[in-house]
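Peer 1: Position 182, counted from 1, in the sequence shown is what the numbering used here calls 246; the numbers after and before it change by one each time, with no gaps.
It is worth saying that the hints were derived from the structure and are not from the lab. Each hint should be verified, as a subset may be incorrect.
Ranges of calculated distance between the beta carbons of each label pair, as one might list FRET restraints [said to hold, decoys possible]:
{"#": "1", "residue 1": "His135", "residue 2": "Arg222", "range": "22 to 28 Å"}
{"#": "2", "residue 1": "Asp221", "residue 2": "Asp164", "range": "39 to 45 Å"}
{"#": "3", "residue 1": "Pro141", "residue 2": "Asp175", "range": "25 to 31 Å"}
{"#": "4", "residue 1": "Thr196", "residue 2": "Arg326", "range": "18 to 24 Å"}
{"#": "5", "residue 1": "Arg222", "residue 2": "Ala265", "range": "39 to 45 Å"}
{"#": "6", "residue 1": "Ala240", "residue 2": "Arg327", "range": "42 to 48 Å"}
{"#": "7", "residue 1": "Ala240", "residue 2": "Pro210", "range": "32 to 38 Å"}
{"#": "8", "residue 1": "Gly108", "residue 2": "Asp221", "range": "29 to 35 Å"}
{"#": "9", "residue 1": "Glu242", "residue 2": "Arg163", "range": "37 to 43 Å"}
{"#": "10", "residue 1": "Pro210", "residue 2": "Arg327", "range": "46 to 52 Å"}
{"#": "11", "residue 1": "Val226", "residue 2": "Asp317", "range": "29 to 35 Å"}
{"#": "12", "residue 1": "Val230", "residue 2": "Ala206", "range": "27 to 33 Å"}
{"#": "13", "residue 1": "Ala206", "residue 2": "Gly91", "range": "27 to 33 Å"}
{"#": "14", "residue 1": "Ala239", "residue 2": "Thr76", "range": "16 to 22 Å"}
Note that the Cβ used here is the ideal one computed from N, Cα and C, for glycine as well.
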Amino acid sequence: MVSGGGATMSATVTRVRLGGVPVDLLGRSEAIDTISSRFEQSVGRPLGVASINLDHVHYFGDAAPVGHALHDGDAAPVEWLNLVDGAPLAAAARRITHRDWPRLAGSDLIDPLLDRAELAHSTVGFIGGTATTHEHLARRLALTHPVLRLAGCWAPDRAELVDDAVGRAIADDIAAHEVGLLIVCLGKPRQELWIERYGAATGSRVLLAFGAVVDFLAGRIGRAPRWVADHGMEWAWRLALEPRRLAHRYLVDGPPAYLAVRRSSGAPSGAGPERRAAG
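Work out the full structure, taking the sequences as your base and the hints as a guide.
Peer 2: Now the structure itself:
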């Protein structure tokens, strides 16, 4: 079993290190059960869930900028579950462990997780996105998850995200609303760093660093077609839709991160709660 500061994950998790980032390898149903079990109980540290792709490796891998470390281990304020998202990460995990692992994008996990939150009567909140997006989100969730307990949505701007006093005030407000499942959609690396700094103060049991999920749920942007996803080409799809915003990420930051993942041996991370290391 995987220990988590008083809470227990549902199964032993294989952890490997890819591009300098610890990555936890789970099946889809196992991931959903593991995450759901944490917002269905009220003990232990909060669980932060990150989607590991090349962008994550760029910001948090071996060549990450100073100050971008995410702390793990029993003394860390947040326990991290790092799920495979990008196709290169899934391929590297397959090469190291000699078995296939599914890609677990936040946009694929969010609906079943909201279903579980609805059944558990867990209170849900969102941080990230605009006020207009949140209006669309609330209307759509009222149709798709009619008994979901939506406690609130927070829309800090970039200046507020680097203001510690504002960050603490937002965390306190989230705690006052008793949000059990907080979906953090601030983009990398801001969302993971925000969870690292303020996650425990929110009182939330689970914090999902799920990027553009708020926009998907609100209907503001659409998912790539399944055949594109199945061939690992979402990046090209998104680049074609938003070239000005994404060109640097995919064409400049992406290749070095890809090479770092390709060079990975899969050595155990040496940190975090008790997990089974590959090999």
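Peer 1: Given a hint of 39 to 45 Å, does the C-beta separation of Arg222 and Ala265 actually sit inside it?
Peer 2: violated (20 Å)
Peer 1: Holds or violated: 27 to 33 Å for the Cβ distance of Val230 and Ala206?
Peer 2: holds (29 Å)
Peer 1: Does 22 to 28 Å hold as the CB distance between His135 and Arg222, or does it fail?
Peer 2: Since His135 and Arg222 have Cβ atoms about 24 Å apart, the given range 22 to 28 Å holds.
Peer 1: Falls inside 25 to 31 Å, the C-beta gap from Pro141 to Asp175?
Peer 2: holds (29 Å)
Peer 1: Within 29 to 35 Å: is that where the Cβ-Cβ distance between Val226 and Asp317 falls?
Peer 2: Given a distance of about 21 Å, which is not inside 29 to 35 Å, the answer is violated.
Peer 1: Return holds or violated for the Cβ distance of Pro210 and Arg327 against the range 46 to 52 Å.
Peer 2: holds (49 Å)
Peer 1: With respect to the beta-carbon atoms only, verify the hint that Ala240 and Arg327 lie 42 to 48 Å apart.
Peer 2: holds (46 Å)
Peer 1: For the pair Thr196 and Arg326, does the Cβ-Cβ distance stay inside 18 to 24 Å?
Peer 2: violated (41 Å)
Peer 1: Does 37 to 43 Å hold as the CB distance between Glu242 and Arg163, or does it fail?
Peer 2: Roughly 40 Å apart at Cβ, these two residues keep to the hinted range, so it holds.
Peer 1: Take the C-beta atom of Asp221 and the C-beta atom of Asp164, compute their distance, and say whether it sits inside 39 to 45 Å.
Peer 2: Because 41 Å falls inside the window, the suggested range holds.
Peer 1: Okay, Ala240 versus Pro210 on CB: inside 32 to 38 Å?
Peer 2: violated (25 Å)
Peer 1: Are Ala206 and Gly91 spaced within 27 to 33 Å by their CB atoms?
Peer 2: holds (31 Å)
The structure shown violates the earlier hints numbered 4, 5, 7, 11, 14.
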